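One-letter residues, chain by chain:
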Amino acid sequence: MLKIRLVAKIDVKDHQVVKGVRLEGLRVLGSAELFAEKYFLEGIDEIFYHDVIASLLGRNALLELIKNTAKNIFIPITVSGGVRTLKDIYNLLNSGADRVSLNSEVFKNKNIISQAVKEFGSTTIINSMDIGKINNKYFLFTENGKNKQEENLIDWIKKIQDFGVGEFVINAIHKDGTLEGIDHELLNIIEGNVNIPYIFGGGIGKREDLKNISSLKKINGIFLSSILHYNYIDKNYSDNFGNTAFLQSNIFKKKVEKNNIQSIKSFLKKNKIECRV
Amino acid sequence: MPSLRKVVIVDYKLSNLFSVNNALKKININAQISSYKKDIASADLIILPGTGTFSAAMKNLRENDLLDNLASHIKNGKPFLGICLGFQLLFSSSSEIKKTIGLNIFKSKIKKIKNETHAVPNIGWNKIKIIHKKNPKLKSEYFYFVHSYYADILEKEQKIVSSYIEYQKNKVCSSITYNNIFATQFHPEKSGKKGLELMKNIIKFYK
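Chains as they are written, first to last, in the working numbering: chain D, 1 to 277; chain H, 1001 to 1207.
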């Protein structure tokens, strides 16, 4: 039986949750710490913080946020965005991150992965792949979707795997924030070419979107983002935080299926997908 | 229950020590994070947490001259909690990166999980199965695991196994209980509310 964990992917800019569509048009939704805590209490299996501007600006600004989050949240916290050196990884782990994911820097310095694996162990080091679909071809992207890379996806998977990384994180950029469901073609390419576990995300907008994953063997986690965030806002929005005009409008309320983490887990169990309850 | 006046989390410069310390704070236990010999020698409860590699951990413990004090604390039957790598270090050796001798409290060895039906490493939540009652009120709940090596328990040491998980059709040891030693392959400090509950019970467990 397939067993997966539900991972809340929280894109962060200056301690605020942001969400856009296909990584563009980011809207501020509220305090990242509050979102994370709420998801923890509701039974999420892991928190994944991604600093969306760190790579572009060449720095990671999540240390304070991680420190505060780790005081109240007793599940794994994984972090990505702007990680360039072993020292960056050490600082993130020392602030309370359990695992660290790298993307952009790996294209500049491939040794970083093997060095990090040697120092911190393969289970601590993850590789994120931001993948976009253009003219029916898949491409790897860096700097939060800004720069397209030329490396072939399948060659890249093999190369990174050989460096000893413990897990992949796959973001389907062309589905991100769209709520229109999983790109199964991409999912099958990943499943067919990896020999380590991976987390898959991008486009999940309703429970039914997860139905067809039960036949997979290597998938280990699912990223949930919009499906959680917009439900959260629907129930908890009370302050003057974030992009108020957007949050008070009904643009997403109609599109987003009513859900919480437990309802998604019940659905998974019904469909023979094991998860923590 | 002994008076655990001095709880020391051993710092060997690789781990996410703050997670363990944050969880302890949450259950009102004050701990000290230290890599000093004098703190290890005077500790009532030693917590050896862990991420990182087996060989790097042993190297750092040796460089800080902590190995003898750690071993004598455990052999003298004083309270000890090992988590993940801190669990694995109790055994005789590991094949991670290069063959490395461990604390050698138990003779079984740490080996790499073979890639059979699942992708390795094992990252995620597994429901543990309980073997014996001499444990700190372990319950068959989901706990968080992240490891690519496991303790291959020898026949003669099976009695120390207090719980296991079924992974790739094999039984993998998820915790050991022996005298005042309790150690887990999983991370109670990262296992949500059930994990915190277990940590409370662990503290009560020591004699």
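None of these hints come from the bench; they were simulated from the model. Model, not experiment: these values are computed from the prediction. Careful: at least some of the hints might be erroneous.
For lysine-lysine, the following DSS-like pairs were computed, each having C-alpha atoms within a straight-line distance of at most 25 Å [unchecked claim]:
| hint | chain 1 | residue 1 | chain 2 | residue 2 |
| --- | --- | --- | --- | --- |
| 1 | D | K118 | H | K1114 |
| 2 | D | K3 | H | K1038 |
| 3 | D | K3 | D | K137 |
| 4 | D | K118 | D | K148 |
| 5 | H | K1114 | D | K158 |
| 6 | H | K1194 | D | K272 |
Partner residues are not named here, just some residues of chain D that face chain H (Cβ under 7 Å, in silico) [as the list claims (entries may be wrong)]:
| hint | residue |
| --- | --- |
| 7 | G96 |
| 8 | G121 |
| 9 | N135 |
| 10 | K137 |
| 11 | G201 |
Label-pair restraints from in silico Cβ distances [said to hold, decoys possible]:
| hint | chain 1 | residue 1 | chain 2 | residue 2 | range |
| --- | --- | --- | --- | --- | --- |
| 12 | H | R1005 | D | Q262 | 40 to 46 Å |
| 13 | H | N1170 | D | K110 | 56 to 62 Å |
| 14 | H | I1130 | D | Q262 | 53 to 59 Å |
| 15 | H | K1037 | D | S263 | 51 to 57 Å |
| 16 | H | I1130 | D | K110 | 30 to 36 Å |
| 17 | D | Q262 | H | K1200 | 23 to 29 Å |
| 18 | D | K110 | H | K1200 | 54 to 60 Å |
| 19 | H | E1197 | D | Q115 | 49 to 55 Å |
Built from N, CA and C at the ideal position, the CB exists for glycine as well.
For each hint, the structure was consulted:
no., hint, verdict
1, K118(D) / K1114(H), "holds (20 Å)"
2, K3(D) / K1038(H), "violated (45 Å)"
3, K3(D) / K137(D), "violated (30 Å)"
4, K118(D) / K148(D), "violated (29 Å)"
5, K1114(H) / K158(D), "holds (19 Å)"
6, K1194(H) / K272(D), "holds (24 Å)"
7, G96, "holds (5 Å)"
8, G121, "holds (5 Å)"
9, N135, "violated (31 Å)"
10, K137, "violated (26 Å)"
11, G201, "violated (16 Å)"
12, R1005(H) / Q262(D): 40 to 46 Å, "holds (41 Å)"
13, N1170(H) / K110(D): 56 to 62 Å, "violated (35 Å)"
14, I1130(H) / Q262(D): 53 to 59 Å, "violated (25 Å)"
15, K1037(H) / S263(D): 51 to 57 Å, "holds (53 Å)"
16, I1130(H) / K110(D): 30 to 36 Å, "violated (45 Å)"
17, Q262(D) / K1200(H): 23 to 29 Å, "holds (24 Å)"
18, K110(D) / K1200(H): 54 to 60 Å, "violated (45 Å)"
19, E1197(H) / Q115(D): 49 to 55 Å, "violated (38 Å)"
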